Amino acid sequence: MTSDRPRDLLISPIRHGTVIDHITAGQALNVLRILGITGTTAESVSVATNVASSHVGKKDIVKIENRELRKEEVDRIALIAPNATINIIREFAVTEKKGVETPAELSGVVRCPNPGCISNTAEPARSRFIVTPNGLRCHYCDWLVTKEIAEHIL
Amino acid sequence: MRHIISIRDLDRAGVDRLLDAAVEVEAKRYDPGLLCGKILGLLFFEPSTRTRMSFESAMARLGGISLTMDSVEASSVAKGETLADTIRVVSGYVDAIVLRHPREGAARLASEFASVPVINAGDGAGQHPSQTLLDLYTIRKSMPIEGVRVGLLGDLRYGRTTHSLAMALSLYGAEIAAIAPKGLELPSGIIRELADRGTHVAEYGAVEDVIADLDVLYVTRIQRERFPDAASYLDAASSYRITPELVAGAKGSMIILHPLPRVDEIDPRVDALPNAKYFEQAHHGVSVRMAMLGEVMT
Numbered sequence: 001m002t003s004d005r006p007r008d009l010l011i012s013p014i015r016h017g018t019v020i021d022h023i024t025a026g027q028a029l030n031v032l033r034i035l036g037i038t039g040t041t042a043e044s045v046s047v048a049t050n051v052a053s054s055h056v057g058k059k060d061i062v063k064i065e066n067r068e069l070r071k072e073e074v075d076r077i078a079l080i081a082p083n084a085t086i087n088i089i090r091e092f093a094v095t096e097k098k099g100v101e102t103p104a105e106l107s108g109v110v111r112c113p114n115p116g117c118i119s120n121t122a123e124p125a126r127s128r129f130i131v132t133p134n135g136l137r138c139h140y141c142d143w144l145v146t147k148e149i150a151e152h153i154l
Numbered sequence: 155m156r157h158i159i160s161i162r163d164l165d166r167a168g169v170d171r172l173l174d175a176a177v178e179v180e181a182k183r184y185d186p187g188l189l190c191g192k193i194l195g196l197l198f199f200e201p202s203t204r205t206r207m208s209f210e211s212a213m214a215r216l217g218g219i220s221l222t223m224d225s226v227e228a229s230s231v232a233k234g235e236t237l238a239d240t241i242r243v244v245s246g247y248v249d250a251i252v253l254r255h256p257r258e259g260a261a262r263l264a265s266e267f268a269s270v271p272v273i274n275a276g277d278g279a280g281q282h283p284s285q286t287l288l289d290l291y292t293i294r295k296s297m298p299i300e301g302v303r304v305g306l307l308g309d310l311r312y313g314r315t316t317h318s319l320a321m322a323l324s325l326y327g328a329e330i331a332a333i334a335p336k337g338l339e340l341p342s343g344i345i346r347e348l349a350d351r352g353t354h355v356a357e358y359g360a361v362e363d364v365i366a367d368l369d370v371l372y373v374t375r376i377q378r379e380r381f382p383d384a385a386s387y388l389d390a391a392s393s394y395r396i397t398p399e400l401v402a403g404a405k406g407s408m409i410i411l412h413p414l415p416r417v418d419e420i421d422p423r424v425d426a427l428p429n430a431k432y433f434e435q436a437h438h439g440v441s442v443r444m445a446m447l448g449e450v451m452t
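The listed protein sequences correspond, in order, to chains A and B. Mapping of the first sequence onto our numbering: position 72 corresponds to residue 72, and the numbering continues sequentially without gaps. One rule links them: number in our numbering = place in the second sequence (from 1) + 154.
Just so you know, the hints here were simulated from the structure itself, not pulled from any lab data. These figures come from a predicted structure and were not determined experimentally. It is possible that part of the hints are untrue.
[As the list claims (entries may be wrong)] Label-pair distances were calculated between CB atoms; the ranges are: (1) B:Ser211 x A:Glu151: 41 to 49 Å; (2) A:Arg70 x B:Arg162: 29 to 37 Å; (3) A:Thr132 x B:Gly301: 20 to 28 Å; (4) A:Leu29 x B:Gly246: 54 to 62 Å; (5) A:Thr132 x B:Glu235: 32 to 40 Å; (6) A:Leu154 x B:Gly352: 29 to 37 Å; (7) B:Arg204 x A:Lys58: 57 to 65 Å.
[Claimed, not checked] Here are a few chain A residues that sit away from chain B, every Cβ distance over 12 Å (derived from the structure): (8) Gly26; (9) Asn30; (10) Arg90; (11) Glu101.
No residue lacks a Cβ here, since even glycine has one placed at the ideal position from N, Cα and C.
Make a model of the complete structure from these sequences and hints.
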């Protein structure tokens, strides 16, 4: 009984909302940043990091109460959490379960690492990247972001 | 509305169409009144001699007129106006805009705010499609571009003129030899992208190792501003120099190109060799830019 208690706290169910499971260990906070969920937004959010997983060793989990994430929102996390699964919860039951798909384009998610890029100025240019097999290509300056994508998240 | 921003935006048919049009222009088979009554706005936020003058010349030869802003200090930009606002305003004055700007991606941004066609005339270290087109045009004057073996020599890391040319050459199944001083090699991302486009890149540290196999040697200068001190700049810049003795080891049909200006990387004695095509290459700028203006303004 006592040994179950911490486990309950970690994965306590939510009534309505979204559970993002199987996030690459250590990426939960970056997932929240990409989704635009910060401490100042209205959602009630639970985060569990480095949770033991029989499939992948360790994983992160994020639960967002009273908000059902749309597909285009969750696809934005595919680059840093390609194995994540999205569970839409209604009345404590999983009503929808889906994986993430890498989108063709990312807007307003990643800052261009090229200091000379026009998107890093006061111009009205929103960050925009084309997703290619070799990485993210800046729509404006063609700069290719190939690694440590999470470090460039806005 | 058609913009010319990056060579990546053009497919093989699009490049061929522009090069074919440039052939017609050079043969004087064009309508000198094609752009009569049209106005071209040249917005140059950075100094330029040959690009600006060749666009002005191209517009004049097609019967149109040019309005040039080449002094940021005397413009509304000095008052803090954004490029986006400048472009929206100037769009009302002219029929097309040619833009040179120090920021990479500036032309792409401009095309999103312009109500007239935009031609990129160089954005920082980024794209310069009219240069790439005249490079291709010069190659095509000497040999078919298909399957050509091109040596790109110089700063291949930052010099994105060579990146654009390599992308364009990949449309023609060309082979690329990347020859760069240590630390200035072609970025691996570019090599992978070229491989995805079916173009193999072989890397060399010295031009002597590969010159005998080349059809085209494309020489670029090392840019001093890329180096932290004079010593490391001189170290890289002095690591190669094209001389008549070196060219003697190449095929007789090999041509030497350079986007100019050159510093010390080509010995002036090479200018007299039949292989030297870099001044001819610069002259082709007008024909190619006439083709580009004809494409976007009619």
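**Message:** Tell me the numbers of any earlier hints that the structure contravenes, in ascending order.
**Reply:** When the structure is compared with the hints, only number 4 turns out to be violated.
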